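Heads up: the protein sequence lines correspond to chains A and B, in order.
Just so you know, we're using my numbering here: the first sequence kicks off at 1 and counts up by one.
Just so you know, we're using my numbering here: the second sequence kicks off at 88 and counts up by one.
For the record, the hints were derived by calculation from the structure and aren't laboratory data.
The reader is advised that the hints may include incorrect statements.
Claimed, not checked - SDA-like cross-link-like pairs, simulated, lysine to any residue; straight-line CA separation at most 25 Å:
#1 A:Lys25 x B:Met114
#2 B:Lys125 x A:Asn84
#3 B:Lys117 x A:Gly58
#4 B:Lys117 x A:Phe36
#5 B:Lys125 x A:Lys25
#6 B:Lys125 x A:Val40
#7 B:Lys117 x A:Ile64
#8 B:Lys134 x A:Ser79
#9 B:Lys159 x B:Arg149
#10 B:Lys134 x A:Phe83
#11 B:Lys106 x A:Phe36
#12 B:Lys125 x A:Glu73
#13 B:Lys125 x A:Phe83
#14 B:Lys106 x A:Glu38
#15 B:Lys134 x A:Ile49
The model shown is predicted, which means the values in this text are computed figures rather than measured ones.
The primary structure of each chain is shown beneath.
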Amino acid sequence: MDSFSSPSSSSSPQMSTEDFMDQLKVQLAQAYAEEFLETVRGKCFDKCITKPGSSLSGGEGSCISRCVDRYIEATGIISRALFNAQR
Amino acid sequence: MDASALSNPQLQQMINQEKERAMANEMIAKLTSACWDKCITSTPGSKFSSSESNCLSNCAQRYMDMSIMIVKRFQSMH
Numbered sequence: 001m002d003s004f005s006s007p008s009s010s011s012s013p014q015m016s017t018e019d020f021m022d023q024l025k026v027q028l029a030q031a032y033a034e035e036f037l038e039t040v041r042g043k044c045f046d047k048c049i050t051k052p053g054s055s056l057s058g059g060e061g062s063c064i065s066r067c068v069d070r071y072i073e074a075t076g077i078i079s080r081a082l083f084n085a086q087r
Numbered sequence: 088m089d090a091s092a093l094s095n096p097q098l099q100q101m102i103n104q105e106k107e108r109a110m111a112n113e114m115i116a117k118l119t120s121a122c123w124d125k126c127i128t129s130t131p132g133s134k135f136s137s138s139e140s141n142c143l144s145n146c147a148q149r150y151m152d153m154s155i156m157i158v159k160r161f162q163s164m165h
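Pulled out of the complex, with its shape left as it was, chain B reads as follows (with noise of 0.2 Å):
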């Protein structure tokens, strides 16, 4: 494959839709960690009880939230 190839449209497209999934995956795969230190801190068990697993999505839920409130606090500031 030369490097014109690269031009290829069908791998430009290709290529967006992998960095679009990669931006996805390293969100999760961040916020997973965090809300897992967070909510997961007995031994874990055979099963998430409903607070563990209420905690967990809430806490998803909550860092876009918090996203989105400091971006509006760097807005407000001149």
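Chain A with its partners taken away, still in its complex shape (with noise of 0.2 Å):
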């Protein structure tokens, strides 16, 4: 959230609201997919990482997709368990 504070060379002093809600946006949505994939790294990490190789072996990189995958999924699951199923 550095070019709130610094002006950067970019924006000038008299930036318009237009210009300065679209950044605004643009830097929430990279906020919010950087907390998602460090929540993703910790979970897959410990549900395929469980005993550090030399490398990463073809096994534990297919786990990493699959629970990439499934990760994604089950936050569509929950969202829809909580907003469309009102009761």
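Both chains come to you apart, so use the hints to assemble them.
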């Protein structure tokens, strides 16, 4: 979020509200993505790298791919359970 | 952009929307993490079993039930 505090070279001192909002949306999306990635790294490391070897094995690699896909799927299941099944 | 632009109603509306979105995102992320730990006990397969996906969705809904119960429990204390 550096570009808010210190105006970067691209932003003029009179930045329009629209530009500011666009920039804010991009930064928020980046922050959400980074946080999500960090969570997935933690979860899949726990699940797939149980005994770290001298390199990633093929089995670990395919576990990681499946783990990432399933974590994304799980996020969808949870959000549907929360927001579609309003009781 | 000067500081007075922060009172711009368009910007205010966006900030409020983003606050709500952030709250929802945080809730989903927290529950996904907790329910993943509870429900996905084996190594992830190429698709969820029906018991895993049911567990995930039950987990989220029971968390909401629990939240309501906890609030009620506190409200009944004097």
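Outcome of the hint check:
{"no.": "1", "hint": "A:Lys25 x B:Met114", "in the structure": "holds, 20 Å"}
{"no.": "2", "hint": "B:Lys125 x A:Asn84", "in the structure": "holds, 22 Å"}
{"no.": "3", "hint": "B:Lys117 x A:Gly58", "in the structure": "violated, 30 Å"}
{"no.": "4", "hint": "B:Lys117 x A:Phe36", "in the structure": "holds, 11 Å"}
{"no.": "5", "hint": "B:Lys125 x A:Lys25", "in the structure": "violated, 33 Å"}
{"no.": "6", "hint": "B:Lys125 x A:Val40", "in the structure": "holds, 16 Å"}
{"no.": "7", "hint": "B:Lys117 x A:Ile64", "in the structure": "holds, 21 Å"}
{"no.": "8", "hint": "B:Lys134 x A:Ser79", "in the structure": "holds, 18 Å"}
{"no.": "9", "hint": "B:Lys159 x B:Arg149", "in the structure": "holds, 15 Å"}
{"no.": "10", "hint": "B:Lys134 x A:Phe83", "in the structure": "holds, 23 Å"}
{"no.": "11", "hint": "B:Lys106 x A:Phe36", "in the structure": "holds, 18 Å"}
{"no.": "12", "hint": "B:Lys125 x A:Glu73", "in the structure": "holds, 16 Å"}
{"no.": "13", "hint": "B:Lys125 x A:Phe83", "in the structure": "holds, 21 Å"}
{"no.": "14", "hint": "B:Lys106 x A:Glu38", "in the structure": "holds, 21 Å"}
{"no.": "15", "hint": "B:Lys134 x A:Ile49", "in the structure": "holds, 20 Å"}
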